[in-house]
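There are 2 protein chains.
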Amino acid sequence: MTDHRSHVTDVIVVGAGMSGLSCADTLLRQGVDVLVLEARDHVGGRTRLVEADGEILDLGGQFIGPGQDRVHALAKELGIEVFATHVAGDHLVETSSGRVRHWRGTVPRLSMPQLLDLAQAQARFERLARTIDPVAPWSSPNAAVLDDQTLATWIGRTLRTRGGRRLYSLATRLMWACEPSELSLLHALFYARSAGSLQAVMATEGGAQQDRLDQGAGELARRLAARLGDRVRLGAPVRWIAQNDDEVLIGTEAGDTVRAARVVVAIPPVLAGRIGYDPPLPAGRDGLTQRLAMGSAIKCLIVYPEPFWRSDGLSGQALSLRGPLSGVTDSSPRSGNRGVLVGILEGAVARELAALPEHERKSAVLDQLARLFGPRAARPCAYLEQDWSAEPFTRGAYAALFPPGAWTQYGPALRTPVGRIHWAGSETATRWYGYIDGAVRSGQAAADEVLMS
Amino acid sequence: MTDHRSHVTDVIVVGAGMSGLSCADTLLRQGVDVLVLEARDHVGGRTRLVEADGEILDLGGQFIGPGQDRVHALAKELGIEVFATHVAGDHLVETSSGRVRHWRGTVPRLSMPQLLDLAQAQARFERLARTIDPVAPWSSPNAAVLDDQTLATWIGRTLRTRGGRRLYSLATRLMWACEPSELSLLHALFYARSAGSLQAVMATEGGAQQDRLDQGAGELARRLAARLGDRVRLGAPVRWIAQNDDEVLIGTEAGDTVRAARVVVAIPPVLAGRIGYDPPLPAGRDGLTQRLAMGSAIKCLIVYPEPFWRSDGLSGQALSLRGPLSGVTDSSPRSGNRGVLVGILEGAVARELAALPEHERKSAVLDQLARLFGPRAARPCAYLEQDWSAEPFTRGAYAALFPPGAWTQYGPALRTPVGRIHWAGSETATRWYGYIDGAVRSGQAAADEVLMS
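Sequence lines, in order, name chains V and D.
All letters in the first sequence, in the order written, are residues 1 to 453 by full-length UniProt numbering.
All letters in the second sequence, in the order written, are residues 1 to 453 by full-length UniProt numbering.
Bound conformation, chain V alone:
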């Protein structure tokens, strides 16, 4: 409230995540003057670089996969190389009683009835997902029936074996960082459809976890921001957005006021709903932001002097029904200079463990890793974590979750501009919703929308 500088630009972009930066970059290259306002002291949104033991690692989104053309094109343009996620060796699966088994391929070793149960459920899910219109899920056939129920209800109805239901719930946590009760079946189907298929969401080879980016996915944001230069203003949380027939006026927490012809709000819906709007947003748009909560994810990075599991014939990939981590992946840097395991505490587990002091959470994670990979796993050279729900300018991860009723009742408000306000962010993507690729697409789409307005 101390400084009343006034700035005039063509377009203001709120948020310097992958969506906002992609939007600003696209606009700038079309000769449109932009200003990006970012609440945090760094760019990247739900991607984030961190240094540990001399290595640059990702504390946020890190994987990319086939079909993610926009992020691939962007990486190429920015000179960032893509390399394959390490998969050679045996994977592990830990039962709820703590028994560890080796497996290979795409499905852990299970009894024949469980395998059949999973295969049948998988086929049903994929068949249903193909009926969803990824651009307008609310207009899909049977949208109302699919949106009336939670994914938990569908799992309970469809899977007949206890093991099958457990694995489906585990997969829910891995894919959406939430419990199966927290999302609408329609949303789960839409999400898979926006990625191509559930198989594409889950798979490493041939799927969304297939590849990684040299120097970290967070490098994309860093290079885009470098290109935008002082058009990106950090530490500038937006408090209110006012508009009239001629322009948009934006107020930051520090009391600055900035003017532009248009604004692109490129942050998750829950954060967009916390900005003040004058005039107030229509009830439909506001109702949407009231409903789209974020998932709960605490990402844990565990750094070792070397990827020792590889010489034991292990891939570093594990699934666990016992937890606390539902899954573990080899996330070692391309150089192989260090060994890095990555795991995410998700949903209810994230919420429970968030209340513990870090050293207790760390112990629980290292105990589990030792069960899976042996005693060396209990002695990392670094342990890092990020609770995305506790991050004031993110408030959860991986993405917004549509609860039952939200897509069918409020879906049309997701991308519809309100006067001079346009919406971006991975949640507005019609392909790869919730992914880095979706963020890039959404930013570019919003830029196109602004250019045509």
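Be careful, since some hints might not be right.
Said to hold, decoys possible - Pairwise CB distance ranges (calculated):
| hint | chain 1 | residue 1 | chain 2 | residue 2 | range |
| --- | --- | --- | --- | --- | --- |
| 1 | D | L78 | V | D10 | 53 to 61 Å |
| 2 | D | G206 | V | A254 | 25 to 33 Å |
| 3 | V | A136 | D | D90 | 40 to 48 Å |
| 4 | V | G98 | D | R157 | 32 to 40 Å |
| 5 | D | G255 | V | R29 | 34 to 42 Å |
| 6 | V | R227 | D | P280 | 27 to 35 Å |
| 7 | D | A242 | V | S139 | 55 to 63 Å |
| 8 | V | D278 | D | T416 | 32 to 40 Å |
| 9 | D | G255 | V | A355 | 51 to 59 Å |
| 10 | V | L234 | D | K76 | 40 to 48 Å |
| 11 | D | G255 | V | S139 | 39 to 47 Å |
| 12 | V | L234 | D | D278 | 50 to 58 Å |
| 13 | V | A355 | D | R99 | 54 to 62 Å |
| 14 | V | V135 | D | E126 | 40 to 48 Å |
By construction, these hints were calculated from the structure, which means they are not laboratory data.
The beta carbon of each residue, even a glycine, is placed where N, CA and C say it ideally should be.
The hints should help you fit chain D onto chain V, whose structure is shown.
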């Protein structure tokens, strides 16, 4: 941002609805100095008085019932008389094809299979509701299973006849102003339990619609505010709340800063989530506010020179499967000087009709009333409406809806104070959640909490 007045008081209450006013009133009578900050230019929250054709009417909450001891006591203390909702005469029910039938008592005329279906479902619901702990629904037996599903799923599983399912969905709209997909079964059960039973929620005689307040329910707030005098500051939306070990600092939109030892936030969760907090709220509390959306209700008041339906042998009460209003009630003033019908557009219907110009919405409502009560109903002397979802400082009605997973995952954060911040509002009540009585209880409970802190 123009005026930097600083004010010191013991307790600041955010929101001058029934909860905030009850809280402030209780504190003041214990000798605690209070300041109530209200965003709007009037008090009352989700109750609201309006004048039409010389009569004072309620545009918001209006009914009270047996067991609502706190609101009864408050009315008595404030000298406001209670009178019975008009029920004499035949009720009407309109089928989805528009056929109108007369009925009496508590259940509309239905076929025997439908009646049995409804009776069985009702008994099951009440039996389940009695298992819920209204203070800690998340710790009820089977809480996880009940919170895994929507009310829509339960209706689909429990009711066998199409007519039964339709009436249950209609009842959902009447009770919660939402679609059955929008709330968790656990929440529906908790809600009924907090009111005593589903029967108590639905009934007029012996239930929550039994009585009304002379001069309108909104008169409660008006008189409480009069007692608080200049301790209530109108037009002062709160933008941020900061706290340290010693005090709370609160900033309003106009740039004023006010200090106190404690603050009671007595507004719906979605609005509480839009205030900025320093330090940021814990993820559990924030996650709760991300999830609790409000219902959708447009209240319509239709005023006639007299309650003409009474002389036709009609009670003025109607249910309709055709709509747009799901239900109609005689809401004439006690004097009988005018005839007033009240109806609410709820859930999906509210969202659809909100997009129409007022005259079209009015036509749809008057057409329906003419089908029910004859041609005189099409010629009111006044038509008033309030879309609570479009009200920037309410953003929906009647109350917040817990979607699946929210009670079990985030319930404990509902009432737990965060440092010097206490929570009130009808959504924090353990009895009569969402009612005026719940608001009064919650405000008094928060006052007690502050006094003991």
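Against the structure, the hints come out as follows:
Between D/L78 and V/D10 the CB atoms are about 57 Å apart, so this pair conforms to the stated range of 53 to 61 Å. For the hinted restraint 25 to 33 Å between D/G206 and V/A254, the CB-CB distance of approximately 57 Å leaves it violated. Between V/A136 and D/D90 the beta carbon distance is about 45 Å. The supplied range of 40 to 48 Å therefore holds. Between V/G98 and D/R157, the C-beta spacing of about 36 Å keeps the proposed range 32 to 40 Å intact.
Checked against the given bound of 34 to 42 Å, the beta carbons of D/G255 and V/R29, roughly 39 Å apart, stay inside it. Separated by about 31 Å at the C-beta atoms, V/R227 and D/P280 satisfy the suggested range of 27 to 35 Å. At roughly 45 Å, the beta carbons of D/A242 and V/S139 sit outside the given window of 55 to 63 Å. For V/D278 and D/T416, the hinted distance range of 32 to 40 Å is satisfied, since their beta carbons lie about 33 Å from each other.
Checked against the given bound of 51 to 59 Å, the beta carbons of D/G255 and V/A355, roughly 36 Å apart, lie outside it. One distance hint, 40 to 48 Å for the beta-carbon pair V/L234 and D/K76, is violated here, with the actual separation near 58 Å. Taken as a hint, the range 39 to 47 Å holds for the pair D/G255 and V/S139, whose Cβ atoms sit roughly 46 Å apart. For the pair V/L234 and D/D278, the supplied restraint of 50 to 58 Å is violated, since their beta-carbon distance comes to about 18 Å.
In this structure the hint that V/A355 and D/R99 lie 54 to 62 Å apart at CB holds, the actual value being about 57 Å. Between V/V135 and D/E126 the CB atoms are about 44 Å apart, so this pair conforms to the stated range of 40 to 48 Å.
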